[in-house]
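S.K.: With the hints as constraints, model all of the structure from the sequences given.
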Amino acid sequence: MASFTKAAQQWATFARSWYLLDGWMQPPGKLAAVASIRLEGKHKPIYHALSDLGDHVVIINTRHIAFSGNKWEQKVYSSHTGYPGGFLQLTAAQLHKKDPTAVIPEDIRKNLVQELPQPRKVPKKLNEYTQEEIDAFPKIWTP
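In terms of UniProt numbering, the sequence shown opens at residue 1 and continues consecutively.
Worth flagging that the hints you see were computed from the coordinates, not collected in a lab. This list has only true hints and no planted wrong ones.
When the alpha-carbon atoms are kept at most 25 Å apart in a straight line, the in silico DSS-like pairs for lysine-lysine are as follows: (1) Lys-124 - Lys-44; (2) Lys-6 - Lys-44; (3) Lys-30 - Lys-44; (4) Lys-71 - Lys-110; (5) Lys-42 - Lys-6; (6) Lys-98 - Lys-71; (7) Lys-30 - Lys-124; (8) Lys-42 - Lys-125; (9) Lys-98 - Lys-124; (10) Lys-110 - Lys-124; (11) Lys-30 - Lys-71; (12) Lys-110 - Lys-75; (13) Lys-30 - Lys-42; (14) Lys-97 - Lys-110; (15) Lys-124 - Lys-97; (16) Lys-44 - Lys-125; (17) Lys-44 - Lys-110; (18) Lys-30 - Lys-125; (19) Lys-75 - Lys-97.
Simulated restraints on C-beta separations: (20) Pro-84 - Asn-127: 33 to 39 Å; (21) Asp-22 - Glu-73: 23 to 29 Å; (22) Ala-136 - Gly-86: 34 to 40 Å; (23) Thr-91 - Gln-114: 20 to 26 Å; (24) Asn-70 - Gln-9: 46 to 52 Å; (25) Gly-82 - Trp-11: 41 to 47 Å; (26) Ser-78 - Lys-6: 45 to 51 Å; (27) Glu-73 - Trp-24: 21 to 27 Å; (28) Thr-5 - His-64: 41 to 47 Å.
Glycine included, each C-beta is placed from N, C-alpha and C at the ideal position.
M.R.: Structural data, given as structure tokens:
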């Protein structure tokens, strides 16, 4: 009987959970902090930096995020193509206007650990769904 208990404990420890986060009027930094902890698996008692223990995170309503103060114009997202003159900078307002769901993944990538090879795989467990996709998703029928 003890082996069943040990097996159940091991399953509960290593099982992948799904977390649903609502981005409605939430600051992207705090939402990204919560999501990155779950994606890396730092909330589990057996966390190790070289192990892939992260859970799946689904974020809805990412186009309705809210910055405090004047951060829409002050916060800058930058990238580089690798070619000369390829340095690009966009404010949060410009990035949100270009793609309303692009701010959250950028903040999550900034929160993930950069020194290890694992974080490149972690964002694959991050899912974002728009309201149209949620409405089009098949509903479970209950009598």
